[in-house]
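Student: Residue numbers (our numbering), protein chains in the order written: chain A, 170 to 316; chain B, 170 to 316; chain C, 170 to 316; chain D, 170 to 316.
Hints are not guaranteed to be accurate.
Which copy is meant is left open, so a pair is good if it fits within one copy or across any two.
When the alpha-carbon atoms are kept at most 16 Å apart in a straight line, the in silico EDC-like pairs for lysine to aspartate or glutamate are as follows [claimed, not checked]:
| hint | residue 1 | residue 2 |
| --- | --- | --- |
| 1 | K175 | E270 |
| 2 | K243 | D291 |
| 3 | K217 | D254 |
| 4 | K243 | D276 |
| 5 | K243 | E216 |
No wet-lab data here; the hints were simulated from the structure.
The residues making up each chain are set out below.
There are 4 protein chains.
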Amino acid sequence: MKNKDKSQLLTASRTLEIRFSEVDSMNIAWHGSYAHYLEDARRAFGEKYGIDHATIAANGYQAPLVELNIRYKKPILFGMKPRIDIWYRPTLSARLTYDYEIRDTADGSLLTTAHSVQVFTDLNHKLAWNNPPFFEAWKRRWGIAED
Amino acid sequence: MKNKDKSQLLTASRTLEIRFSEVDSMNIAWHGSYAHYLEDARRAFGEKYGIDHATIAANGYQAPLVELNIRYKKPILFGMKPRIDIWYRPTLSARLTYDYEIRDTADGSLLTTAHSVQVFTDLNHKLAWNNPPFFEAWKRRWGIAED
Amino acid sequence: MKNKDKSQLLTASRTLEIRFSEVDSMNIAWHGSYAHYLEDARRAFGEKYGIDHATIAANGYQAPLVELNIRYKKPILFGMKPRIDIWYRPTLSARLTYDYEIRDTADGSLLTTAHSVQVFTDLNHKLAWNNPPFFEAWKRRWGIAED
Amino acid sequence: MKNKDKSQLLTASRTLEIRFSEVDSMNIAWHGSYAHYLEDARRAFGEKYGIDHATIAANGYQAPLVELNIRYKKPILFGMKPRIDIWYRPTLSARLTYDYEIRDTADGSLLTTAHSVQVFTDLNHKLAWNNPPFFEAWKRRWGIAED
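Extracted from the complex, chain A is given alone in its bound form (with noise of 0.2 Å):
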């Protein structure tokens, strides 16, 4: 697989609500608080493309994060309404790989940028070492080639 540019990935995005409770001492969201803004981006895309919790629980599997990445760029205020993007990664492993954008709707500025790797395991937690064969489906709906 090539290094793909982002125009030709699978995409969604959406508007974030930065909840006062997420706010820490320093009046900005505490940077535990992303993780949620990414479930929240993943979310939008499982329901756009049929890929959310349900769809993955109702073959058998949890799709657990084994990977997380985050860089805060710029700080996110209580008050403002960011928007996020994903996108996601092709990858030959029984993998699903999204990066992530953040965004000051207000002037554009790139406030945070993040990865995340996700395993297939069962229901017992044990590891899927090849693509289940809902993910292989999902694929192909898709027309994600991995040359």
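Place chains B, C and D on chain A using the hints.
Tutor: Frame of chain A; chains B, C and D shown alone:
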């Protein structure tokens, strides 16, 4: 600075308590909860070596995270009381850089590794490009040489 | 003040999104997550009627909760998008008093009722015994008579 | 059942650790964080008297909250290590009813009081109208008479 052996680094450790509210529907600690565990570790470190929130704030600074990397190697189950270890990684720049490991105390197996980077800002979120004087003093106090 | 009918009260409503991280191992929204939902409702109310956090802070006050009562009548399941309604309950004292109802939009059934009371304090957490001037003005603006 | 004196009730207590992430922009513990503190107390009680989550689940039951009342009397500040006490309130019905008090250990002052009620359900969230056998046995074991 050479990449020092961990045994030469300042370190702290503590036991983690996994809250029921931190466990997700897969019955494992939700990946976003780990931000709490790393913060618990930084706090244990900060209180041991005199570089906690209160000290930083009393010197007119804040130390927001700018980078967070987590590798989830094995799930943390509800009821586990794992141990977290934290190491301070010396750098020349005005940053607080930590490595972390979470281990199952039952069998010593490695559950999680993580890495975080904090910068210093003033109370208006303005970045300190140089080492704050209190941080220079802190490094001297603990004999942290960056060769 | 007589116990007014709800139809005469200032009210707001919004749809709730239940996050995966808010669901516990019973696969229902963890009871502590409801504090977020009530806050979401207060925010919708505050933005509609001009009594949000920012307005209160701009007038030199804070409005911490002093009382919170929640009745969990039916569980909220992951994937539900219930509606929350909030009503402002007029009082003579320097307090913000709200009633809440969460309903399943699928069948209209009542999932939760709640009640909260906030007082006003200055920025040093000192209680305001009398109605702050901005709050008096706010009540006049919305024709809130306490007979 | 007469309203017994607290000194006759089963009780447990523990120290609370206030996390940085639980503190809001007012620099006090966010009111929603208290649900964690009460859960920490129930857990201490449950482990002391053998009625923790694991025991309840092993008997095929869940114990969701149906009622939660909190009175916030004084703010909990970051850095405080307050003590929480929990008392089990005997009832005839199939319920777990607790009272709570949080106190500042520095001066003994009362910060918070709370009250919670849990029911028993099976694993499909179906309410148990009668006392589950394991709960009857638990009450006998601890000599809980409801006169």
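Student: Each hint: holds or not?
Tutor: Hint check:
Taking the shortest alpha-carbon separations for K175 and E270, only the intra-copy value of 12 Å comes in at or below 16 Å, while the best inter-copy value is 34 Å. With identical chains, the CA atoms of K243 and D291 are at most 16 Å apart between copies only, with a shortest distance of 14 Å across copies and 38 Å within one. Taking the closest pair of Cα atoms, K217 and D254 come within 16 Å of each other only inside a single copy of the chain (13 Å); across copies the shortest separation is 28 Å, beyond that limit. Taking the closest pair of Cα atoms, K243 and D276 come within 16 Å of each other only inside a single copy of the chain (13 Å); across copies the shortest separation is 41 Å, beyond that limit.
Neither within a single protomer nor between protomers do K243 and E216 lie at most 16 Å apart by alpha-carbon distance, with minima of 29 Å and 26 Å respectively.
When each numbered hint is compared with the structure, a violation occurs for hint 5 only.
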